[in-house]
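The chain contents come next:
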Amino acid sequence: MIRYILRRFLLAVPTLLLVALAVFALVRMIPGDPAQVMLGEGADAAAIAALRGELGLDEPLPVQFVAWLGNVAAGDLGTSIVTSQPVGALILSRFALTATVVLTSVAFATLIAVALGLLAAWRRNRRLDWTISGAASLVLAVPSFWLGLILLLVFGVELHWLPVVGYVSVGEGGLAALVFLVLPIVTLTISETGVLTRMMRSSAIDVLGYDYVTHARAKGLSEGVVLRRHVFPNAFAPTLTLVGLTLGHLLGGVAVIETVFTLPGLGRLMVNAVLSRDYPVIQGCLLFTAVIYVLVNLTVDLLYPLFDPRVTAE
Amino acid sequence: MRVNVALGYGLTGLLIAVILLGFVWLPYDPIAIDLDHTLARPSLSHWLGTDEFGRDVAARAMLGARISVLIALQTVALAIALGTALGVLGGFVRGWTDRLLMTASDAILAFPGILLALAMIAVLGPSRHSIVIALAIAYLPSTIRIVRSAVLSIREREYVEASRVAGDGALYTMWRHVLPNATPPIIVLATSMFGWVVLSESALSFLGVGVPPPEPTWGNMLSSARPYMHGAAYLSIAPGLCIVATLLGINMLGDALRDRFDPRAGR
Numbered sequence: 001m002i003r004y005i006l007r008r009f010l011l012a013v014p015t016l017l018l019v020a021l022a023v024f025a026l027v028r029m030i031p032g033d034p035a036q037v038m039l040g041e042g043a044d045a046a047a048i049a050a051l052r053g054e055l056g057l058d059e060p061l062p063v064q065f066v067a068w069l070g071n072v073a074a075g076d077l078g079t080s081i082v083t084s085q086p087v088g089a090l091i092l093s094r095f096a097l098t099a100t101v102v103l104t105s106v107a108f109a110t111l112i113a114v115a116l117g118l119l120a121a122w123r124r125n126r127r128l129d130w131t132i133s134g135a136a137s138l139v140l141a142v143p144s145f146w147l148g149l150i151l152l153l154v155f156g157v158e159l160h161w162l163p164v165v166g167y168v169s170v171g172e173g174g175l176a177a178l179v180f181l182v183l184p185i186v187t188l189t190i191s192e193t194g195v196l197t198r199m200m201r202s203s204a205i206d207v208l209g210y211d212y213v214t215h216a217r218a219k220g221l222s223e224g225v226v227l228r229r230h231v232f233p234n235a236f237a238p239t240l241t242l243v244g245l246t247l248g249h250l251l252g253g254v255a256v257i258e259t260v261f262t263l264p265g266l267g268r269l270m271v272n273a274v275l276s277r278d279y280p281v282i283q284g285c286l287l288f289t290a291v292i293y294v295l296v297n298l299t300v301d302l303l304y305p306l307f308d309p310r311v312t313a314e
Numbered sequence: 001m002r003v004n005v006a007l008g009y010g011l012t013g014l015l016i017a018v019i020l021l022g023f024v025w026l027p028y029d030p031i032a033i034d035l036d037h038t039l040a041r042p043s044l045s046h047w048l049g050t051d052e053f054g055r056d057v058a059a060r061a062m063l064g065a066r067i068s069v070l071i072a073l074q075t076v077a078l079a080i081a082l083g084t085a086l087g088v089l090g091g092f093v094r095g096w097t098d099r100l101l102m103t104a105s106d107a108i109l110a111f112p113g114i115l116l117a118l119a120m121i122a123v124l125g126p127s128r129h130s131i132v133i134a135l136a137i138a139y140l141p142s143t144i145r146i147v148r149s150a151v152l153s154i155r156e157r158e159y160v161e162a163s164r165v166a167g168d169g170a171l172y173t174m175w176r177h178v179l180p181n182a183t184p185p186i187i188v189l190a191t192s193m194f195g196w197v198v199l200s201e202s203a204l205s206f207l208g209v210g211v212p213p214p215e216p217t218w219g220n221m222l223s224s225a226r227p228y229m230h231g232a233a234y235l236s237i238a239p240g241l242c243i244v245a246t247l248l249g250i251n252m253l254g255d256a257l258r259d260r261f262d263p264r265a266g267r
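Protein chains in written order, with the UniProt record's numbering: chain A, 1 to 314; chain B, 1 to 267.
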C-alpha cells in the first residue's frame, strides 16, 4: 500500500514539472517583447526596461525558468499588471467561491448519477432505462451555459424567484446570500449528471453480467441488496475516476457558468485576465488549476484501492 | 435504439442542409446593421426576430452554423492528423519516444481544456485560426492516447509480425498495416470530437474570446443576448437550440458508429 502511494506521488512529479515549463513557455511565446506587450503600446522605454529587469527577461531562458520556478515554489506568483495585487492572493480569494459551487454540484451529480445509472442498468432496455438514458443523452447535448441562461430566464426573469445578476458572498450577506448560488449549482449538477450517469450505467451493466451477481441472486438475496452490496461497489470505480477528472477540470474554473451568473470565481478571473492581457494572472491561474487537477486525481488514485482492492496488487 | 440512429442522421442531415442552403440563400444580410428594426420580436418577416443591431437572427444562425462547423472540421482534421501520427509512432516504436509523448500528453491533460485554449488565444490573439490551433492542441492528448492504445494491441497481431518478418520498413508497416486497422476507433473519436469542438467553440465565443464579432457564431450570439434577457428572451433561445440540435445529432451518430465498430461498448 505504501509503495503504491509513493509510486503515485513520484509519477506526478514529471507531469508537474512539464506543466510548470508549459506555463512558463506560454508567456515567452507571445510575439514580440513580453514587457512591451504587458505594458501596452504607449509605455516608455524606462518602464519597459524596468519590467524587463523585474521579470529577468535579459537572463538566459534556463536561468529565467529556474528563478521563476523558485519563486513559484516559495508561493510567489508575481503581481497583476492591471490591479497590482499579488496573483497568489487574488487566486485564493476567488477560489473559495469556485470550490463551493463545484464541490457541491459534483457531490449532488455523483449521488444522482449513481442512483440513476444503477436503476437504468437494472431495468436495461425497459422503459425506465430508455427514459434515463434518453435524458442523459439530451443533457450531454445541452451546453451548460445555455442551460444556465434558460434557468435564469425561467426562475429569474419570468418568476422572479431568484436574482438575475450580482453576487454577495455568504460572509457579507449571511445565509440569505445563498440564493446567488442556487442556480449555478443546479445548472452544474444537471450538466455533470449526464456523463456520470452514462458511465455508471455502462459499468453497472458489465457487473450485472458477472457470475457473482447471478450467484447472489440465486442465493435468494433481494434485488436491492444485490444492487447495493454487489453491483454498486464493483461498478463505482470507473465512475469515481470520471468524478476525479470532472472535479479537477471544473475546479480550474467553471468560466462559462461564472459568466452566466456573474459570479466572481476563478474562471471569471482568468477570462478577464485574458481579455485585459494580464499575463501574470493568466500564468498563475493556469499553474494553480493544473496543480489542483494533478492533486485531485492523485487523491482519487489513492482512494481507488478502497473501492477496488485489486488495484494495489498490480 | 433505432430511434437514436434516425435522430442522428436526421439532425445531422438538417444541419448540412441548412449550411448548404446558406451558401445560395439567406433571408437577410447577417452582418448589415439596420437600426430601424432593432430587437424586433419573431414575426413573419423576421422568423426568429432581430438582435440589438437590427440584424436578422435566423440569417445569423444560418451563417453561424457554417462558421461553427468549419471551425470544428478544421480543428478535428488538425487534431486527428497530428494525434494519429504521434499515437501510431508512440504505440509502434515504444521506448523513449513513447514515454516522452505520454508525459507531454499528461501535462497537457492537466490543464482544463477550455482554460488551455483561453491561454493560447491570449497569446495568439482572438481569431478563427487561433481557435482552431488552440482547440486542436487541447484535444491532441486524448487523440494520441486513444490511437496509441489501439496501436498497442494491433502491433501484437500476426499480420504486423508477418510484415516485419517479410523485411518491411517500420514506416511502411505502420502505414500499410497498423494505420488501416486503427481507423475504426479513430473515426468514432473524430465524430465525438466534432461535438466537443462545437461545444468548446461556442463556450469560447460566449466568453468573448472566440470568433470576434461581427461574424456570428451561436456562442457569441448568446453572449450578446445576455444583457437583453428582460424583454428579448427570444434572443437567448434560438442559438442555444441550434447548438443542442447539432450536438444531439452528432452524439447520436457517434454512438451509432461506435455500436457498429465496437458492439461490446455499445449496449
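Keep in mind the hints are simulated off the structure, nothing from the lab. Do not rely on the hints blindly, as some may be mistaken.
[Stated by the list, open to error] Covered stretches of chain B (chain A as the covering partner; in silico rule of three or more C-beta atoms under 8 Å from a C-beta of chain A):
| # | stretch |
| --- | --- |
| 1 | 19 to 26 |
| 2 | 42 to 52 |
| 3 | 107 to 113 |
| 4 | 119 to 129 |
| 5 | 229 to 237 |
Just so you know, these numbers come straight off a predicted model, no measurement behind them. Using N, Cα and C, we set each Cβ at its ideal position, and we do this for glycine too.
With a C-beta cutoff of 8 Å, work out whether three or more residues of the stretch 229 to 237 of chain B approach chain A closely enough for the coverage to hold. holds (count 5)
With a cut-off of 8 Å between beta carbons, are at least three residues of the stretch 119 to 129 of chain B near chain A? As far as the stretch 119 to 129 of chain B goes, the hint holds, because 5 residues have Cβ atoms under 8 Å from chain A.
Establish whether the coverage given for the stretch 42 to 52 of chain B by chain A is satisfied; the threshold is a Cβ-Cβ distance below 8 Å, and no fewer than three residues must meet it. Check failed, 0 qualifying residues.
Confirm or reject the coverage of the stretch 19 to 26 of chain B by chain A under the rule of 3 or more residues with a beta carbon closer than 8 Å to the chain's beta carbons. violated (count 0)
So is the stretch 107 to 113 of chain B in contact with chain A by the C-beta rule, three or more residues under 8 Å, or is the coverage claim wrong? holds (count 6)
Hint check: violations occur at hints 1, 2; the rest are consistent with the structure.
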